[in-house]
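Please build the complex by placing chain E on the supplied structure of chain X, with the hints as guidance.
Number of protein chains: 2
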Amino acid sequence: MHNESTSAPMNFELLGRSSSTEARIGKLTTAHSVIETPVFMPVGTLACVKSLTSRDLEDLGAKIILNNAYHLMLRPGAEEVKRYGGLQKFMAYNGSILTDSGGFQVFSLEGLRKVTDEGVKFQSHIDGTYHDLTPESLVQVQENLGSDIAMVLDECPSGGAERDVVQKSMARTTAWAKRCIDARNRPETAWFGIVQGGIFEDLRHEHAQAICGLPFDGYAIGGVSVGEKPEDIERIVRHTAPLLPQERPRYLMGVGTPADLVRGVAAGVDMFDCVMPTRNARNGQLFTHTGKINIKNAHFRDQEVPLDAACTCYTCQTFTRAYLRHLFVNRELTFYRLATIHNLHFYLELMREMRQAIAEDSFNEKEFLSHIGE
Amino acid sequence: MHNESTSAPMNFELLGRSSSTEARIGKLTTAHSVIETPVFMPVGTLACVKSLTSRDLEDLGAKIILNNAYHLMLRPGAEEVKRYGGLQKFMAYNGSILTDSGGFQVFSLEGLRKVTDEGVKFQSHIDGTYHDLTPESLVQVQENLGSDIAMVLDECPSGGAERDVVQKSMARTTAWAKRCIDARNRPETAWFGIVQGGIFEDLRHEHAQAICGLPFDGYAIGGVSVGEKPEDIERIVRHTAPLLPQERPRYLMGVGTPADLVRGVAAGVDMFDCVMPTRNARNGQLFTHTGKINIKNAHFRDQEVPLDAACTCYTCQTFTRAYLRHLFVNRELTFYRLATIHNLHFYLELMREMRQAIAEDSFNEKEFLSHIGE
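These protein sequence lines map, in sequence, to chains X and E.
Per our numbering, the very first residue in the first sequence carries number 24; after that it's consecutive.
Per our numbering, the very first residue in the second sequence carries number 24; after that it's consecutive.
Just chain X, same shape as in the assembly (with noise of 0.2 Å):
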């Protein structure tokens, strides 16, 4: 019965898979836009991604983004973006948008939250004034923004926890996600559980069973790149993926580095998204087939030639080297953009490199690290 309401939202076809490894392609399809997977979402947390318009994003091929719920409830707020038309028509943007519940967000508040199975209570870092968020309440928040994917509230334990705080906030975050479902509201929102359970196979295992023992539209491996080591990421990623539903979308949360996307797609994961392309472009680090490179360092001032001499993005194809660090160091805004717009587009053509390897089933896991400079 629930599993046929949360269908309607969103569908998921599955297209085709890698006969070596776990990798897979598919079609994601929302109320605004078909979306092939795997995918990696750009990080749009105050329904912007930092330094670019929606123009870009499409000029991007961004079929879908990320904002962030517990942001966007706090400026401009959930019911103003209702009044407003949904999240879409206030940024102007034609693709898909998955919302996360910020509960990851609200939990790094050191001091400022606390957190009980009722929900958590927090002072907001902007103006110092509380607010409850429960599952419900975060339903509603996602139901105002109008999403087309939303994320349930989750406890999501730092990457060094013991087991027993793991097990706790399993059990939490299990209960939560029933109660999210008895609160959802709008047909036109799909649901996504997610899957906690830290560096334990075991728990991982466990997990997985009780959440995707409820009927959410995809599943979600959270507690990943918190703090734990990146042979453990690699490990559970590889561990988790195979034990979420072959017929529904799995998401990767918050993950990652080039390197840490194709060693997901081999597991079997079909949507990622991350803030490092956007925050490291705007540091100055940019993503290139030879590896990463600092902007800023001196011998770049006399290198006129582009960025990637692979890359195809607006950056490469038309500023040197040279030119993009002199608008570094001087803290020039157009910088920004031009960065972003290149680390973004060398994370969506890996993508669609990869997509296009498992379409033929050449899919091959080395080999991807090695084009990426690893």
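Think of the hints as simulated: they come from the structure by calculation, not from any bench.
Where is the CB? At the ideal position from N, CA and C, for every residue including glycine.
A few of these clues could be false.
Claimed, not checked - Under the rule of at most 27 Å between Cα atoms (straight-line distance), these lysine-lysine pairs were calculated in the BS3-like manner:
| no. | chain 1 | residue 1 | chain 2 | residue 2 |
| --- | --- | --- | --- | --- |
| 1 | X | Lys112 | E | Lys319 |
| 2 | X | Lys201 | X | Lys137 |
| 3 | E | Lys50 | E | Lys112 |
| 4 | E | Lys112 | X | Lys319 |
| 5 | X | Lys86 | X | Lys50 |
| 6 | E | Lys191 | E | Lys201 |
| 7 | X | Lys389 | X | Lys50 |
| 8 | X | Lys319 | E | Lys105 |
| 9 | X | Lys137 | X | Lys191 |
| 10 | X | Lys144 | X | Lys191 |
| 11 | X | Lys105 | E | Lys319 |
| 12 | E | Lys315 | X | Lys112 |
| 13 | X | Lys315 | X | Lys252 |
| 14 | X | Lys252 | X | Lys389 |
| 15 | E | Lys252 | E | Lys315 |
| 16 | E | Lys50 | E | Lys389 |
| 17 | E | Lys201 | E | Lys137 |
| 18 | X | Lys315 | E | Lys112 |
Claimed, not checked - Chain E regions said to be covered by chain X (calculated; three or more residues, Cβ under 8 Å):
| no. | segment |
| --- | --- |
| 19 | 62-72 |
| 20 | 75-82 |
| 21 | 98-104 |
| 22 | 111-117 |
| 23 | 332-345 |
| 24 | 351-362 |
Quick look at chain E alone, frame taken from chain X:
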């Protein structure tokens, strides 16, 4: 002899005159573009109009922009720009570039500079190193930059300067102008002389005679908008513009508000530059046909309408006041570009409308002031 050699880099053709005012339209041709005058030149101090790319400038129809020789001399260095193939190639811009000498910026370095008849000795605001600026060295700098139009080094007293101070500046500026003419080497760079004289009409007359007797490709009104009263600006521009040769372009440096542009055009000025549209944009001050607004104002939160209903720029065609305010209060980088696009479009569109009116001989100063919300 000088006159012939300096005519080559630039051609100016007067195409029409207003019968009721001094307003005129013309066509300015440089090695890089054909520019309809009167024209407003966006300011791109460091080979970049802040927050925009060269593609944005082309979309806005900006056929000529201003760069600053003094700033570029310090970073990345004029020799470097020469090695990069000149400013246009460096910033991937296919329009014309006028370089201000930056004398005004150097004279603003209170305590860090020493002016003599020979030139200016100053300390870099970036790293404290000492530099000598002479009329000759600034010719070399601007020729290295590959400027289409270069400005002589002048001495610009503040708006409140006494008569005798202004007279000393005039004498020095004339002497420097002659040295600049003798130092020229690059046939592709046109040179403009600068008329000083403060707020004293007889001194303006005297200095216009001195400077316009020298074989420059165009003539600028300097020392305006440097701290004097608005009514003095208007009076001096109306007095000085007609003193400059009819057959050469007349450039009013560093001015101004939209109303200043209308008054300047009516006085017979052909070229303008000012940081106002771009700097104000970044501070949230936006020009509209019903007056200037500050987007931070809380009531814009409820305004789901374009910034300026009469505007055809990308920003107004795509986003609401509510969204722009949201971006501004959250310091989203995207805001700066959207606001800059709008304000520059407002300025450039106003110039297009004035050119059209002059062409039809229907140019009316008061009507244009009312049109821009004055």
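Here's how the hints hold up against the structure:
Between Lys112 of chain X and Lys319 of chain E the alpha-carbon distance is near 21 Å, which keeps this suggested pair within the 27 Å criterion. Taken as a hint, the Lys201 of chain X and Lys137 of chain X pair is honoured in the structure, with Cα atoms around 21 Å apart against an allowance of 27 Å. Between Lys50 of chain E and Lys112 of chain E, the direct Cα distance comes to roughly 24 Å. Compliance with the 27 Å bound is thereby established for this hinted pair. Annotation: proposed proximity of Lys112 of chain E to Lys319 of chain X holds, straight-line Cα distance about 21 Å (limit 27 Å).
Proximity of Lys86 of chain X to Lys50 of chain X is assessed by CA-CA distance (about 12 Å); at most 27 Å being required, the pair is judged to hold. Proximity of Lys191 of chain E to Lys201 of chain E is assessed by CA-CA distance (about 16 Å); at most 27 Å being required, the pair is judged to hold. Restraint check for Lys389 of chain X and Lys50 of chain X: satisfied, since their Cα atoms lie roughly 25 Å apart, inside the 27 Å limit. For the hint linking Lys319 of chain X to Lys105 of chain E, the alpha-carbon distance of about 21 Å falls within 27 Å, and the restraint holds.
About 15 Å separates the Cα atoms of Lys137 of chain X and Lys191 of chain X, which keeps this hinted pair within 27 Å; it holds. Distance hint between Lys144 of chain X and Lys191 of chain X is fulfilled; the C-alpha atoms sit about 18 Å from each other, no more than 27 Å. For a cut-off of 27 Å, the pair hint linking Lys105 of chain X to Lys319 of chain E stands: about 21 Å separates their Cα positions. Distance restraint check for Lys315 of chain E and Lys112 of chain X: the Cα-Cα separation of roughly 26 Å lies within the 27 Å cut-off, and the hinted pair is therefore satisfied.
Distance restraint check for Lys315 of chain X and Lys252 of chain X: the Cα-Cα separation of roughly 20 Å lies within the 27 Å cut-off, and the hinted pair is therefore satisfied. About 21 Å separates the Cα atoms of Lys252 of chain X and Lys389 of chain X, which keeps this hinted pair within 27 Å; it holds. With a C-alpha separation of about 20 Å, the suggested pair Lys252 of chain E and Lys315 of chain E falls inside the 27 Å cut-off, and the hint holds. About 25 Å separates the Cα atoms of Lys50 of chain E and Lys389 of chain E, which keeps this hinted pair within 27 Å; it holds.
About 21 Å separates the Cα atoms of Lys201 of chain E and Lys137 of chain E, which keeps this hinted pair within 27 Å; it holds. Distance restraint check for Lys315 of chain X and Lys112 of chain E: the Cα-Cα separation of roughly 26 Å lies within the 27 Å cut-off, and the hinted pair is therefore satisfied. Evaluation of the coverage hint for the segment 62-72 of chain E: fulfilled, as 4 residues show C-beta separations to chain X shorter than 8 Å, against a requirement of three. Coverage of a stretch by a chain is defined here by at least three residues with a beta carbon nearer than 8 Å to that chain's beta carbons; for the segment 75-82 of chain E and chain X the count is 4, and the condition holds.
Counting residues of the segment 98-104 of chain E whose C-beta lies closer than 8 Å to any C-beta of chain X gives 3; at least three are required, and the coverage claim holds. Interface restraint, the segment 111-117 of chain E with chain X: holds (3 residues with C-beta to C-beta distance below 8 Å; minimum three). By the rule of at least three residues with a Cβ nearer than 8 Å to a Cβ of chain X, the coverage given for the segment 332-345 of chain E holds, with 5 such residues. Counting residues of the segment 351-362 of chain E whose beta carbon lies closer than 8 Å to any beta carbon of chain X gives 8, which meets the minimum of three for the stated coverage.
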